[in-house]
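Trainee: Letter by letter, the chains look like this.
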Amino acid sequence: MKAALIGAGQIARQHLACLNTLPGVQLAAICDLSPATAEAAAERYAIPSWFTDYRAMLETVRPDVVHVTTPPTSHFRLAMDALEAGAHVIVEKPATSTFEELQTLILRAKQTGRHVVEDYNYVFNRAPQEILRRIESGEFGAVTHVDVLICLDILGPGGFADPNSPHPALKLAGGAIADFLPHLASLSHAFVGPHRSAQTVWSKRKPSPLPFDEFRSVVEAERGTATLSFSASAQPDAFWLRVYGERMQATANLFETRLTFDGPRNVPKPLRPFFSGLEEGSDIRRAALSTLLRKFKGPGAYEGLWECLARTYQALTARAVLPITVEDVLAVNRMVEAMKPTEQKI
Amino acid sequence: MKALVTGANGFLGRHVVDALLARGVEVRAMVRPATRVEALGWPASVDVVRADLRTSRDLVDAFENVDVLIHLAAVVSGGEDAQFAGTVGGTERLLDAMAGSNCRRLVLCSSFSVYDYTAARGVLDETSPLQQTPDVYTRGGYTVAKWWQERVTRRYVEQHGWDLTVLRPGFIWGRDHGYLAALGQQIGRHHVVIGPLTRIPMTHVENCADVFALAAVDQRARGQTLNIVDGPGRQVWSYLSDYMRGTGERGWRLPVPHWLASAVIRLAFVTLFRRATKVPAILTPKKFDAMLKPLRFDNRRLRETLGWTPPLSYQQCLTRTYGPVPVPTEAPASWSSGTAASI
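So the protein sequences, as listed, match chains A and B.
Quick note: the first sequence uses my numbering, first residue 33, plus one each step.
Quick note: the second sequence uses my numbering, first residue 647, plus one each step.
Just so you know, these hints were derived from the structure itself, not from any lab.
Everything numeric in this text was worked out from a predicted model, so none of it was measured.
Possibly wrong hints are sitting among the right ones.
[Stated by the list, open to error] Listed next, the stretches of chain B that the computed footprint assigns to chain A, with coverage defined by at least 3 CB atoms under 8 angstroms from CB atoms of chain A:
(1) 671 to 680
(2) 695 to 704
(3) 729 to 736
(4) 777 to 784
(5) 790 to 799
(6) 914 to 922
For every residue, glycine included, the Cβ atom is placed at its ideal position computed from N, Cα and C.
Work the whole structure out from these sequences, hints included.
Mentor: Below, the structure is given as structure tokens:
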């Protein structure tokens, strides 16, 4: 399959490095508004052609799959044009600025017989996949609740709160935090399914150009409940996922490789916490080492992106069901839409 | 004569502004929108324009009546992509604007990091081999960005027929910037000194700024690429002693022969780290060489082309860096007297 990419910024590096490792995938072209950025990426990842005009790229290269990794507000137009050019589209989250744009995009994909995939990379990290495997095997029991909390300092001068150069994500409803809602919603969706209702609190703890720096949501979903949170002030940086089942509980930090389970054991009840503690301690020590080692090589916390892309290309080649279906994308974005701040609050 | 200086409030930029004023050049200083310029003590004659090269529109207005662009701006912190977008993307936007103006002369601040230290032998000078693609991409964000910045600039110059001077400073040091990567590895208060007798290619920020001002006004600089070092450089052990004395830092210094450290790092790189690219800089052979390879440095071409000698001696530079802060009334142009600051 012939792949092309639009927008050679930070996240593009993960897509490009991954694509170069996938069997049967030819990375054919790259496009960026900056000629030097496009050419440098082409040199670094051995891509045969680079462009500054994406329409020229679509026409000349006729890619089978287009990766859209530009700032979020440009996704819709680029993705629509890629579909018109006959390509499947893998778009970084958030796929579009509004739900209406997403519906238009998905409708057009159906009409053209192509796929649109929004990247929910953290769902494909090893920890959530292992929890899902145990749920499927029945070992975990039915999930009653999932708790996802991202603690990330986005108020530093070089990031979202750069006073000299407003981050493109600030144009989204909810500002910088809106950039993270698809992660929260996609994890919730993976464990408790489509949402029915959501109660949210958007607030601001510290002065900054960001409209909000704290977010909490309580979600009632088809198979259970979820609490989804983002905190720019809680430190250190972490991405906590806790899943509560009828037999087991799981805790993972998706910025690291840490994953621990607590469940029934064949010991007298008073001794269960003791043995659980020992096992959890040894799991955490092993994870500390593997987190350190993965810093040296490979995708690090983006392991899920590589896994998601590998499975997506396999499915596209085999014309099988994609790991992220259009129904998943719609359900996740409905949840995101329900969690966005109201007009009055903005 | 009017000069547009980008990165004018940076560590080098603020001294370049002073050096230009001392040579009677009018200055338009480009700073980012949120920069507080009051603390810089610039005279009212300095024309401040606010722009961020990553995002600002209408940069062409900044070139109005400008005779020479002195391009110092670069993003030197953050991730590799942030550095590339800021330094290289910013240069593209700036030079696109210059192409729409009457300005035809430019002085670019490049860097020693564009040289291929691993391939260099003996003396590192302007004839030494440069990094090549795709090898350059193993050198880290700063080098990739500076290498591309020079490449992009040369392309614009060729396309538009401009006059270009490329200046490549070694390690620039000065007040609050006394610690240099060439000093080895700091562990807490202690220092592992790799190759204690290795010379450091160093230039004090005020000497370096003087070269930029000279290059802006001197016809002989046109078309030249010049390295900037104040001289053969101090040895690592000796400069580290001055640094520790100057800052009052206390700690042990462990000397390690360069050949030994180099052998260990190269072995670890192919065995333990299996050529991984994300290990710390000092554990990557190419970056290790760029920081610590024992080469000799001279400023012969700079001396012969522009007749330049550093206005400040090493002792004066030490006083400027580690001595008492000069009282504000001495600013901004008093440095050109060539005497050490005192109160």
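Trainee: All hints are to be evaluated individually against the structure, with a verdict given for each.
Mentor: Hints, verified against the model:
no.: 1; hint: 671 to 680; in the structure: holds (count 3)
no.: 2; hint: 695 to 704; in the structure: holds (count 3)
no.: 3; hint: 729 to 736; in the structure: holds (count 4)
no.: 4; hint: 777 to 784; in the structure: holds (count 3)
no.: 5; hint: 790 to 799; in the structure: holds (count 4)
no.: 6; hint: 914 to 922; in the structure: holds (count 3)
Comparing the model with each numbered hint stated earlier shows that all of them hold.
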